[in-house]
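Participant: For reference, the chains in residue letters:
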Amino acid sequence: MSKIIKLSDIVPNKCYTVAGFKEESDYSDKLHKMGFVKGTVIKLAPVKTYDPMIFQIRASRIALRKKEASQILVEEIYE
Amino acid sequence: MRRYKNRQFCKRRQCNHKSGHTISTVAIAGVPNCGKTTIFNAFTGLKQTVGNWPGVTVEKVSGSFWLNNQHVSLVDLPGTYNLSPDTEDQKVAERVISDGEYDLIINVVDASNLSRNLYLTMDLKDSTNQIVVLLNMVDVAEKEGLNVDVNALSKQVGCPVIPVIGVDKASVENARLEIEKIVKHLPKHTKHVSIKEVWDTVRKYAHIDEICASVINDSSHTKKSFTNRIDTIVLNKFAAIPIFLVAMFVTFWLAIGVGSVFIDFFDIIGGLVFVDIPSVILEALHAPQWLVVILAGGVGAGCQTVFTFIPVVFFMFLALAILEDLGYMARVGVIADRFMRKIGLPGSAFIPMIVGFGCTVPAIMAARTLATKRDRFMTIFMAPFMSCGARLPVYALFCAALFKEKSGIAVFMIYLSGLFLAIVTGFFLKGTLFKGKSSYFVMDLPLYHAPRPASILKNAWFRVSAFVRKAGSIVVIAVAVLSIINTVGIKDSRLTFGNEDSQSSILAYVGKAIVPVFKPMGIKEENWPASVALFTGLFAKEAIVGTINSLYASINMTDSTAMPESKEEASINILPEIREAFASIKSSFIDIVSSFDVLGIALIAEDDITISEKIGAEPEVYKHLANNFTPISAFAYLLFVLVYFPCLAVIGVAKQEMGGFYAAVMAAYCTLLAWAVATLFYQVAEGRNIIYMIASFAVLVIIYGGLHFIGKHSRRLEN
Chain A
202 MSKIIKLSDI VPNKCYTVAG FKEESDYSDK LHKMGFVKGT VIKLAPVKTY DPMIFQIRAS
262 RIALRKKEAS QILVEEIYE
Chain B
16 MRRYKNRQFC KRRQCNHKSG HTISTVAIAG VPNCGKTTIF NAFTGLKQTV GNWPGVTVEK
76 VSGSFWLNNQ HVSLVDLPGT YNLSPDTEDQ KVAERVISDG EYDLIINVVD ASNLSRNLYL
136 TMDLKDSTNQ IVVLLNMVDV AEKEGLNVDV NALSKQVGCP VIPVIGVDKA SVENARLEIE
196 KIVKHLPKHT KHVSIKEVWD TVRKYAHIDE ICASVINDSS HTKKSFTNRI DTIVLNKFAA
256 IPIFLVAMFV TFWLAIGVGS VFIDFFDIIG GLVFVDIPSV ILEALHAPQW LVVILAGGVG
316 AGCQTVFTFI PVVFFMFLAL AILEDLGYMA RVGVIADRFM RKIGLPGSAF IPMIVGFGCT
376 VPAIMAARTL ATKRDRFMTI FMAPFMSCGA RLPVYALFCA ALFKEKSGIA VFMIYLSGLF
436 LAIVTGFFLK GTLFKGKSSY FVMDLPLYHA PRPASILKNA WFRVSAFVRK AGSIVVIAVA
496 VLSIINTVGI KDSRLTFGNE DSQSSILAYV GKAIVPVFKP MGIKEENWPA SVALFTGLFA
556 KEAIVGTINS LYASINMTDS TAMPESKEEA SINILPEIRE AFASIKSSFI DIVSSFDVLG
616 IALIAEDDIT ISEKIGAEPE VYKHLANNFT PISAFAYLLF VLVYFPCLAV IGVAKQEMGG
676 FYAAVMAAYC TLLAWAVATL FYQVAEGRNI IYMIASFAVL VIIYGGLHFI GKHSRRLEN
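Sequences listed follow chains A and B, in order. Every number in this note's numbering is 201 more than the matching position in the first sequence, counting from 1. Every number in this note's numbering is 15 more than the matching position in the second sequence, counting from 1.
Excised from the complex, chain B in its bound form (with noise of 0.2 Å):
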C-alpha cells in the first residue's frame, strides 16, 4: 500500500516537473439543470463527500477524478445564472470563483439553452483564465434543432470548449481526456482584481447575441419543439389537473406506497441493532439497569426512530427528484400558482405540502427549492397540517370505535379541517409573522428529457443523509429523554425501571397531572390515558395507538403493581427476527400492490377486528374508547391529534432548516391552535360551557397576537 502511494506521487512529481503546472483542486460551476451533477458523478463516481460549505448551510459535495495521473480533488459548485450573489447557494459559488480557490473551472453549459448559459460563462471568464467549458446536451440540443458549432464557440469565447453528453460514459471518459491535454497547456493563473460590473448585463448578453448568432445553427423555427409539444397537453386548461393528479398518485405510491413497505423491515432491524443487541450486550458486561435505559431504551430508542423514517424520506425524494429531473416539477408550480398566489406563495410552495399528505419531514425538506426565506418559512408553517400517513393509524382506531360505518366521512372531515387551517395558518403569517412583500413568482421551465438514475439516486440518497445527520440528532436526544420518563418509574420512592406504557411511569404521572389542560376539549379526569399518549404521540404520532392500547389495558389490570412485561431479558433471538423483518417488506408489499392505496384509507373501510389487527390493538380497546369518549369528544380529540406539536423528527428537520427560534414558534403554533381548535369544537358541539368558548377564542387571538409580536420585533427576512 505504502509502495503504491510512493509510486503515485513520484509520478505526480514527474509530471509536474513536466508541466510546471500543479493542478490538485477542480470546481463544476454551471446554471441549475445544466447537467452539471451528472457530469461531476459520471468523473467521480461513487466515492463522494458531502459537508457544508464553512458558515452557510449549503451542501457542500465534493470527490476526486484523475487526471493526468494525478489524484485531483473535484467540487460541485452550487448552480448558479450569474455571479452576482442572490441566494445563499450562490453567494457560495461566488466566493469560491473570485477567491481563486481552484486551478480550473469546469464551466459545464448546456447546448440547448446557449445564451443564458453564457452568460455564467462571460461572469467566469471575468474572473479567471483557467476555465474549460464542457458543451453539455448536444444531444438534446439537436434533437430541439439547435447545432452549435464547437469551434467557432471557442474561439469566439476564449477558452477550449469540449462537446458531451453527460449521460453517456464513453462521452464523459472522452471530455476527461480532452481535459488532460488542456491542462498541460493551460496559461498561468491571473487574478483578475474585481468580478463586479466588469461588463454591465446589457452589454454582456449583447456580446453573447453576437456569440450566439455566429456559432448556432437553429432550424427549430421550422417545426414546434419536442417540449412546446408536450407542454400544449401538460398544461392544457382541461387536462392539467387530471395529469397533475395522476402525477401525483404515482408519487404518492412511490414514496409511501413503496416506502412504508420497507418501515417494518427498519422498524425491526432497527430495534435489533439499536436497542435488543446493545441491551443484551450491556447486561452480559453487568453494566448497571441505569445504563442500560439510557443506552438501549433511550439513545438506542431514538435511533431506531431515526432510522424507521429513512425508507419513507428516501423514496419521497427520490419520486421528487424523478419529477424534478424530467422537468415536470416546475409545471407543477405553474398550474398551482392560480390558488397559491392568494395566500401570498409562489405555485412551486404547492409541491411541499403535496408530500405533506404522505409525511411532515420530507415535505419540511422539500420547502429549500423556493426561492425566498419568507416563502420556506411560510410553506414549512403549513406543512404539518396536511394530515401525514403516521396520524392515519389513530383516526382508524378512534373511528372504528366510535364512528362505525360513518368512519370514512369522520376521516375525510379530519383531512377536510388539516387543509382548511392550512389556509388559515397561510393568512396567519401572511399578515403578522412573515409580513414580508407579497412573493413573485418567476419560473424558468426546463427541457424535458428522460430522468437520469444516477443522478436521481444520488439526489435522493444525500437529502436521506443529510436527514440523519441534521435531524436525527435532535430526534435522537428527544426520544431518548420521552423513552427515559416512559420507562423509569417512582415505587417506595425507589427508581424503578421497565415501566413503558404503564401507570407506574413518570410519563404517568405527569399525564395524570396534566389531564385538566385536556378538560375543556372533552377528555375526563379518568381518561389519563388519553393525555399520556398525546405524550407518546411526539415520538410519532402512530405511538399513540400503542400508549392507549396498552394503558386502557392496564388499568383494567386491578393490581397495576405487577408489571408482567417488564423486561425480554436476553430473550431475543437474531435470526428470526431478522427473518421476520424480511417477512414484513413481503406481506406490505403484497397489501400494496394489491390495494393501489396509497394513503392506506382502505384501512378506515376495514371491520374493527381487523383494523385492531393491523395496528397491533387489543380489540377490548374499543369498549374503552367507547366508555370514555364520545364521539364528539373523539373528533376533538383526533382534532388534537392532527394539529398539536408536531413529531419530533419534524421538529428536527424544522430545526435544521429554519433555526431553534423559528422552529419553537411553530412547535408553540401548532400546540396552541390544536388546544384552541379542539376546545372550540367540543365546547360548540357538546360542552355548552361559554366560559370554554371564549377562552379558545382568547387563545386564537393570543396566537394571532404573539404572532403578529414576533414578526414586529424579529428582523424581516430576506432571501
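Next comes chain A alone, as it looks inside the complex (with noise of 0.2 Å):
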C-alpha cells in the first residue's frame, strides 16, 4: 500500500486515486457528487498555478483552493 496524502501536496505528471475526505463539509458533499469518489484518478493539470490549484479528474478541470485541496486524501499510483 502507497503512502496517503494531501491532494494539496500532489506533484506533477503524478497519477493519483481518490482516497478520501478527511472530514465532512459543505463543499465535500459537492465535490463528491461530482466525481471526487474513492478510487477516481486524479493529477494535476499541466497548468502551472499556485492557488487555486487546478486538477484532472474524470475529464474535467476542477479549481480548487489549496485549503479545499487539503482536506481531500489521494494515494499515488505506482506503474
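Derived by calculation from the structure, the hints in this document are not laboratory data. Check before you lean on any hint, since a few could be wrong.
[To be verified] In silico SDA-like cross-links for lysine to any residue, where the CA-CA straight-line distance does not exceed 20 Å:
{"hint": "1", "chain 1": "A", "residue 1": "Lys231", "chain 2": "A", "residue 2": "Thr241"}
{"hint": "2", "chain 1": "B", "residue 1": "Lys357", "chain 2": "A", "residue 2": "Ser203"}
{"hint": "3", "chain 1": "B", "residue 1": "Lys388", "chain 2": "A", "residue 2": "Ser226"}
{"hint": "4", "chain 1": "A", "residue 1": "Lys231", "chain 2": "B", "residue 2": "Lys527"}
{"hint": "5", "chain 1": "A", "residue 1": "Lys231", "chain 2": "B", "residue 2": "Asp224"}
{"hint": "6", "chain 1": "A", "residue 1": "Lys268", "chain 2": "B", "residue 2": "Leu722"}
{"hint": "7", "chain 1": "A", "residue 1": "Lys239", "chain 2": "B", "residue 2": "Ile256"}
{"hint": "8", "chain 1": "A", "residue 1": "Lys231", "chain 2": "B", "residue 2": "Thr216"}
{"hint": "9", "chain 1": "A", "residue 1": "Lys234", "chain 2": "B", "residue 2": "Ala386"}
{"hint": "10", "chain 1": "A", "residue 1": "Lys234", "chain 2": "B", "residue 2": "Gly94"}
{"hint": "11", "chain 1": "B", "residue 1": "Lys357", "chain 2": "B", "residue 2": "Val457"}
{"hint": "12", "chain 1": "A", "residue 1": "Lys249", "chain 2": "B", "residue 2": "Val457"}
{"hint": "13", "chain 1": "B", "residue 1": "Lys421", "chain 2": "B", "residue 2": "Phe442"}
{"hint": "14", "chain 1": "B", "residue 1": "Lys388", "chain 2": "A", "residue 2": "Asp230"}
{"hint": "15", "chain 1": "A", "residue 1": "Lys249", "chain 2": "B", "residue 2": "Asp224"}
{"hint": "16", "chain 1": "A", "residue 1": "Lys239", "chain 2": "B", "residue 2": "Glu225"}
{"hint": "17", "chain 1": "A", "residue 1": "Lys268", "chain 2": "B", "residue 2": "Ala351"}
{"hint": "18", "chain 1": "A", "residue 1": "Lys215", "chain 2": "A", "residue 2": "Lys231"}
{"hint": "19", "chain 1": "A", "residue 1": "Lys267", "chain 2": "B", "residue 2": "Asp224"}
{"hint": "20", "chain 1": "B", "residue 1": "Lys252", "chain 2": "A", "residue 2": "Pro213"}
{"hint": "21", "chain 1": "B", "residue 1": "Lys158", "chain 2": "B", "residue 2": "Tyr463"}
{"hint": "22", "chain 1": "B", "residue 1": "Lys539", "chain 2": "B", "residue 2": "Ile706"}
{"hint": "23", "chain 1": "A", "residue 1": "Lys231", "chain 2": "B", "residue 2": "Ser130"}
{"hint": "24", "chain 1": "A", "residue 1": "Lys234", "chain 2": "B", "residue 2": "Ser99"}
{"hint": "25", "chain 1": "A", "residue 1": "Lys239", "chain 2": "B", "residue 2": "Arg218"}
{"hint": "26", "chain 1": "A", "residue 1": "Lys267", "chain 2": "B", "residue 2": "Gly94"}
{"hint": "27", "chain 1": "A", "residue 1": "Lys268", "chain 2": "B", "residue 2": "Ile471"}
{"hint": "28", "chain 1": "A", "residue 1": "Lys249", "chain 2": "B", "residue 2": "Ala255"}
{"hint": "29", "chain 1": "A", "residue 1": "Lys249", "chain 2": "B", "residue 2": "Arg353"}
{"hint": "30", "chain 1": "B", "residue 1": "Lys670", "chain 2": "B", "residue 2": "Ala255"}
{"hint": "31", "chain 1": "A", "residue 1": "Lys244", "chain 2": "B", "residue 2": "Asn243"}
{"hint": "32", "chain 1": "A", "residue 1": "Lys249", "chain 2": "B", "residue 2": "Phe253"}
{"hint": "33", "chain 1": "A", "residue 1": "Lys234", "chain 2": "B", "residue 2": "Asp224"}
{"hint": "34", "chain 1": "B", "residue 1": "Lys388", "chain 2": "A", "residue 2": "Ser229"}
{"hint": "35", "chain 1": "B", "residue 1": "Lys357", "chain 2": "A", "residue 2": "Lys215"}
{"hint": "36", "chain 1": "A", "residue 1": "Lys244", "chain 2": "B", "residue 2": "Lys670"}
[Claimed, not checked] Footprint (simulated), chain A over chain B, 3 or more residues, beta carbon under 8 Å:
{"hint": "37", "stretch": "88-99"}
{"hint": "38", "stretch": "128-139"}
{"hint": "39", "stretch": "215-223"}
{"hint": "40", "stretch": "243-257"}
Even glycine gets a Cβ: it sits at the ideal position worked out from N, Cα and C.
Both chains are given apart, each in its own frame, so use the hints to dock them into the complex.
Facilitator: Set out below in C-alpha cells:
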C-alpha cells in the first residue's frame, strides 16, 4: 500500500487516486457528487498555478483552493 | 386560419391513433455548459417565452417544436449536475423530473466530459424511462482526442443516444428526425417510486467508469490538449493579469462604449414615445393638467428612465455572455480568487464588481452566477461602490469648477475611495450581516470553444427583458412619484405644474428644508440647490448635473415667480426628434471610436467650456459652483454622491435579487455611510468641528451595530 497524502501536496506528472475526505464539509458533498469518489484518478493539470490549484479529474478541470484541496486525501499510483 | 388549425388537429389525432402514445410536452435536461440551451434554441427557433417557475425566481424558458406533425411544447430545465437539489435552480429541475410532468426528457450530454455528464443521465434513468440522450459537442471531443462509440454507449446506458453538433443546423435537424423515430417506439411511462439514493454516488460512478472505459477511445494523453495549452498562457503567473486587463478593457469598451452610443438614442426615442406623444394626445383630448402630469410626466418619465438603461444592460450582458461562452469567465474567477478570499468571497465574485464600474444594474444581476446566497448578497452590497459611468459627469462638472488642472487626480481619488469603501464594506458585512461560514471555491473550468452567436444574443436579451420586467416596475413607480413632486408646486395656496428644477416645486421645498442635514459636510444654507440635486440624483446620478445647473441659473433670475420654461406644449415635432436620435448614435459612435476611452475619463481632461457643452450645463455654472463650494466641500459632496443611495434602478434590481428587506438595508447602509464619510472628510480637512467628527464616528458605530443586530436576528442565509 502506498502512502496517503493530501491533494494539496501532489506533484505534477504523477497520477493519484482519491482516497477520501478528511472531514465532512459543505463542499465535500458537492465534490463527492462532482466525481471525487474513492478510486477516481486525479492529477495536476499541466497548468502552473500556485493557489487556487487546478486538477484534472474525470475529463474535467476543477480549480480548488489549497485549503480545500488539503481536505482531500489521495494515494499515488505506481506503474 | 381555423381550417388550418382543424387540419393540424386531425393530423394529430391520426398520429396519436397510430402510435398509441401522446407526446405533448418535452423537457431538456443537462449539466451546466453542456450546450443544452444551444440545442433548445435550434429546436424552437425564435418563438420562446420567458416566465418564472411557480414559487421561485428561477427563469423558465419554454418554446415549441414539431415532432411527427405535432406541435410539442419544449421546456429548458435549469442546468444541474445531479438530481439532489443544492440550489434553487436545481430544485426546479429535480421537482419537474420527479413529478413526471413531461412525456419525454431530452438529456443533453457533453461528449467531451462524459463521466460527469453521465452522472445526471444515471439520475434521470432512475426517475424515468422516457429519455433520449443527445450526445453533444462530438466535434469538440474529437478535437480533444476523445472518440465516443455511440452504439456501445446506447447499449450500456439503456436508452437511445443520438450524436449531435449543437452549433450545426443540419446536425440538429437530423437529431430531431431521429427523435421522431424514437418517439414512435417509446416504452410506456413507468414512474419510479423514488429517485432518492437508488444507487449511492460511489456505485454510480463505478458504473459510469465502466461505461466510459468501454465506449471512449481516448487519445488525449498523447498530446497536450487545446484547452490546457490555452490555460498555460491565460493562467500564467506573469501573463494572467495583463491578459485579464485586456479582456476587461474589451468588455468595457463593448458594454459602456458601444452601449452608451445608443443611450441618447433610447433617451430621445423614449422621451418621445412615453412622455411627449402621450402629453400631446392627452392635451388634445383636453385631459385635466394633473392627469397629464401623472401619466406623461410621471409614469411616462419612469418608462423613459428604464428605457435608457436598455442599451448598457444589453451590451454589458452581451460582453459577459461572450466571455462566459468562450470559457474565460471561469478563469477570471481563478485569477481573482487570491485577493477576493481576503474579504471572504470566492474569486468569481470579482466579475460583478468589474461590471460595476460601467453600471451597477448589470453588476447586481451578474452576481447571480455565485453559488451561495451569502456570496451573492455580499457582492450586491459591494457593487455600488464601484463608481459607475453615470457619476462621472458629476465629478467632471465639479472638478472642472474647483480643481482645474488637478481634476484628473481628484477623480482618481474618488474612484479609489470607492474601491476602499467596497473593501471596508466587505469586512463590515463579513463580521455582521453576512456572518455565515467563509465561502469555498470550487470552480469547474470548461473547455474553451468559439462563442455561439445565437445563444449569446439570446442570453443577453433574456437578461434585458428580465431587467425591464422586474426592476422596471419599481423604477417606474419611484420615478413617477419623484417627477410629480418635482413638477408640482404650491403657489398662492394653489397647486401649479411645470416647476421642474425650479425653486417653487415641492421637491425644492423639501430640499431647502433638509439642507441642515448636509451642513456638517460643508453645504451652506444658501446652497440648497446642492441638496435638491441629491434628490433628483435618485433617478440617475447624472441628473444631479441638470438640477444644479438649472437651479443655480434660476436663483440668479431675481424674479423666480416667472417660470418661462413651463411647457413646450404641442410644439414637439416627431420627425426632427427621431432624426436627432439617430444623429446621436453617429456622434457618440465617432466619440468612442476615436478615443477608445471606455470609462469616459477623457471628459475630465477637456477644458471647462467643452465639458459644460458635453454634459449639457451652462458655462456660468462654474462661477456658481466656485462661489458655493470650496475644493474640500466639493470633494466631500462628490464622496457623498459616490456612496449615497444608489439610483432607483439599482434598488429596483437589488429588490428583485435579494427581496425588499435587504434592498432597504442596502439603501440605508449606503446613505448613512455616505453621510458619515463625507462629514468626516470635510470636518477633518476643513471644518475642524469636533462635535461633527464625533457625530460621524457615532454614525459609523450605529451602522456597524445595526448590521450586527440585523445579522444576529435574521435567519442565516443558506445557499
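Participant: Hint by hint, say whether it matches the structure.
Facilitator: Hint-by-hint comparison with the structure:
no.: 1; hint: Lys231/A / Thr241/A; result: 15 Å, holds
no.: 2; hint: Lys357/B / Ser203/A; result: 36 Å, violated
no.: 3; hint: Lys388/B / Ser226/A; result: 17 Å, holds
no.: 4; hint: Lys231/A / Lys527/B; result: 57 Å, violated
no.: 5; hint: Lys231/A / Asp224/B; result: 19 Å, holds
no.: 6; hint: Lys268/A / Leu722/B; result: 29 Å, violated
no.: 7; hint: Lys239/A / Ile256/B; result: 36 Å, violated
no.: 8; hint: Lys231/A / Thr216/B; result: 11 Å, holds
no.: 9; hint: Lys234/A / Ala386/B; result: 15 Å, holds
no.: 10; hint: Lys234/A / Gly94/B; result: 15 Å, holds
no.: 11; hint: Lys357/B / Val457/B; result: 16 Å, holds
no.: 12; hint: Lys249/A / Val457/B; result: 18 Å, holds
no.: 13; hint: Lys421/B / Phe442/B; result: 32 Å, violated
no.: 14; hint: Lys388/B / Asp230/A; result: 18 Å, holds
no.: 15; hint: Lys249/A / Asp224/B; result: 28 Å, violated
no.: 16; hint: Lys239/A / Glu225/B; result: 15 Å, holds
no.: 17; hint: Lys268/A / Ala351/B; result: 16 Å, holds
no.: 18; hint: Lys215/A / Lys231/A; result: 25 Å, violated
no.: 19; hint: Lys267/A / Asp224/B; result: 27 Å, violated
no.: 20; hint: Lys252/B / Pro213/A; result: 17 Å, holds
no.: 21; hint: Lys158/B / Tyr463/B; result: 11 Å, holds
no.: 22; hint: Lys539/B / Ile706/B; result: 17 Å, holds
no.: 23; hint: Lys231/A / Ser130/B; result: 16 Å, holds
no.: 24; hint: Lys234/A / Ser99/B; result: 9 Å, holds
no.: 25; hint: Lys239/A / Arg218/B; result: 10 Å, holds
no.: 26; hint: Lys267/A / Gly94/B; result: 28 Å, violated
no.: 27; hint: Lys268/A / Ile471/B; result: 35 Å, violated
no.: 28; hint: Lys249/A / Ala255/B; result: 11 Å, holds
no.: 29; hint: Lys249/A / Arg353/B; result: 15 Å, holds
no.: 30; hint: Lys670/B / Ala255/B; result: 36 Å, violated
no.: 31; hint: Lys244/A / Asn243/B; result: 13 Å, holds
no.: 32; hint: Lys249/A / Phe253/B; result: 11 Å, holds
no.: 33; hint: Lys234/A / Asp224/B; result: 14 Å, holds
no.: 34; hint: Lys388/B / Ser229/A; result: 18 Å, holds
no.: 35; hint: Lys357/B / Lys215/A; result: 32 Å, violated
no.: 36; hint: Lys244/A / Lys670/B; result: 44 Å, violated
no.: 37; hint: 88-99; result: holds (count 3)
no.: 38; hint: 128-139; result: holds (count 5)
no.: 39; hint: 215-223; result: holds (count 4)
no.: 40; hint: 243-257; result: holds (count 6)
In this structure, the earlier hints numbered 2, 4, 6, 7, 13, 15, 18, 19, 26, 27, 30, 35, 36 are contradicted, and the remaining ones agree with it.
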